[in-house]
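Residues per chain are reported as follows:
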Amino acid sequence: QKEVEQNSGPLSVPEGAIASLNCTYSDRGSQSFFWYRQYSGKSPELIMSIYSNGDKEDGRFTAQLNKASQYVSLLIRDSQPSDSATYLCAVILYNFNKFYFGSGTKLNVKP
Amino acid sequence: DTGVSQDPRHKITKRGQNVTFRCDPISEHNRLYWYRQTLGQGPEFLTYFQNEAQLEKSRLLSDRFSAERPKGSFSTLEIQRTEQGDSAMYLCASSLALDEQFFGPGTRLTVL
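Residue numbers (our numbering), protein chains in the order written: chain A, 1 to 111; chain B, 1 to 112.
Keep in mind the hints are simulated off the structure, nothing from the lab. A hint or two may mislead.
With a straight-line Cα cutoff of 20 Å, these simulated EDC-like cross-link-like pairs (lysine to aspartate or glutamate) come out [stated by the list, open to error]:
| id | chain 1 | residue 1 | chain 2 | residue 2 |
| --- | --- | --- | --- | --- |
| 1 | A | K98 | B | D7 |
| 2 | A | K56 | B | D99 |
| 3 | A | K56 | B | E100 |
| 4 | A | K42 | B | E100 |
Simulated DEER-style distance windows between Cβ atoms [as the list claims (entries may be wrong)]:
| id | chain 1 | residue 1 | chain 2 | residue 2 | range |
| --- | --- | --- | --- | --- | --- |
| 5 | A | P81 | B | D99 | 36 to 46 Å |
| 6 | B | Q54 | A | G29 | 34 to 44 Å |
| 7 | B | R59 | A | Q80 | 21 to 31 Å |
| 8 | A | Q1 | B | G40 | 15 to 25 Å |
| 9 | A | N22 | B | G40 | 16 to 26 Å |
A few chain A positions that, by computed beta-carbon distances, are all more than 12 Å from chain B [as the list claims (entries may be wrong)]:
| id | residue |
| --- | --- |
| 10 | E15 |
| 11 | S26 |
| 12 | E45 |
| 13 | G59 |
| 14 | A68 |
| 15 | Q70 |
| 16 | S73 |
| 17 | L75 |
| 18 | D83 |
| 19 | L88 |
| 20 | N95 |
| 21 | N97 |
| 22 | G104 |
Bear in mind that the values here come from a model prediction, so they are computed numbers and not experimental data. Glycine included, each C-beta is placed from N, C-alpha and C at the ideal position.
Hey, can you work out the whole structure from these sequences and the hints?
Now the structure itself:
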């Protein structure tokens, strides 16, 4: 079992729709959770961080964390073609020096 | 631009040669990380420094790999006797304490 699991996609949504990206993790000791966006050939770019259960909103992005279910999600409202990229979920256990990334979900936003 | 820089951006080498990559983190960040990423995969953790101390090293890092961070500033990652399987993007990230990691542009290594 991988430490972080993501559906590889591609997830296709029309422009203006809500894109929902999901991630599950295996280590219950996980403390910090991050979403990164990665365009083809580029390095990961930080979008959101979340540390406690519930929702965290930043502009068009909402991160959701449910530690009981070991589940993190990212919602992108009013999706734009420029949001088309691979979205990486990262789970960090700083106390144990463990840093895990999922393989990413490819999102296509169609005009 | 996150403020993390890496050099070189691209490196092509022949199998068996040694290569060295450099990373300059965001100036106030005391933590520095190296990852490796291959096509279709997420970044895989290689090693991690807090200031000049190397705190963790992945099992992925064979004896051919070594990393240093003298004086807690820039870091170097050296691969000795490169193999074709070493071809990947090598990513450096930095963070301030136990916080968000910001990535540099990466060094793409191709081993012929």
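Okay, the hints, checked on the actual structure:
1. Between A:K98 and B:D7 the CA atoms are separated by roughly 26 Å; this puts the pair beyond 20 Å, and the hint is violated.
2. About 16 Å separates the Cα atoms of A:K56 and B:D99, which keeps this hinted pair within 20 Å; it holds.
3. At roughly 15 Å between alpha-carbon atoms, A:K56 and B:E100 fall within 20 Å of each other, so this suggested pair holds.
4. Between A:K42 and B:E100 the CA atoms are separated by roughly 18 Å; this keeps the pair inside 20 Å, and the hint holds.
5. Distance hint for A:P81 and B:D99: a CB-CB separation of about 31 Å, inconsistent with the stated range 36 to 46 Å.
6. Checked against the hint of 34 to 44 Å, the C-beta distance between B:Q54 and A:G29 comes to roughly 22 Å, which is inconsistent with it.
7. Against the hinted window of 21 to 31 Å, the Cβ-Cβ separation of B:R59 and A:Q80 comes to about 40 Å, which falls outside the hint.
8. At about 19 Å, the beta-carbon gap between A:Q1 and B:G40 stays in the expected band of 15 to 25 Å.
9. As the Cβ distance of A:N22 to B:G40 is approximately 18 Å, the hint placing it in 16 to 26 Å holds.
10. With 12 Å as the threshold on Cβ separation, the claim that A:E15 sits away from chain B holds: the shortest Cβ distance comes to roughly 26 Å.
11. Taking the minimum C-beta to C-beta distance to chain B, about 15 Å, the non-interface status of A:S26 holds against the 12 Å cut.
12. The claim that A:E45 is not at the interface with chain B is violated, since a C-beta of that chain comes within 12 Å of its own (minimum 7 Å).
13. Every beta carbon of chain B lies more than 12 Å from that of A:G59, the smallest distance being close to 16 Å; the non-interface claim holds.
14. Distance to chain B confirms A:A68 as a non-interface residue, since its nearest Cβ pair spans about 23 Å, more than 12 Å.
15. Non-interface status of A:Q70 relative to chain B is upheld: no Cβ of that chain comes within 12 Å, the nearest being about 17 Å off.
16. Remark: the non-interface label on A:S73 is consistent with the geometry, its nearest Cβ contact in chain B lying 17 Å away (cut-off 12 Å).
17. Listed as outside the interface, A:L75 is consistent with that label: its C-beta sits roughly 19 Å from the nearest C-beta of chain B, beyond the 12 Å cut-off.
18. Look at A:D83: its CB is around 19 Å from the nearest CB on chain B, clear of 12 Å, so calling it non-interface holds up.
19. The Cβ of A:L88 sits about 5 Å from the closest Cβ of chain B, inside the 12 Å cut-off, so the non-interface label is violated.
20. Distance to chain B contradicts A:N95 as a non-interface residue, since its nearest Cβ pair spans about 9 Å, not more than 12 Å.
21. The claim that A:N97 lies off the interface is violated: its Cβ sits roughly 4 Å from the closest Cβ of chain B, which falls inside the 12 Å cut-off.
22. A beta-carbon of chain B is positioned within 12 Å of the beta-carbon of A:G104; the least distance is around 6 Å.
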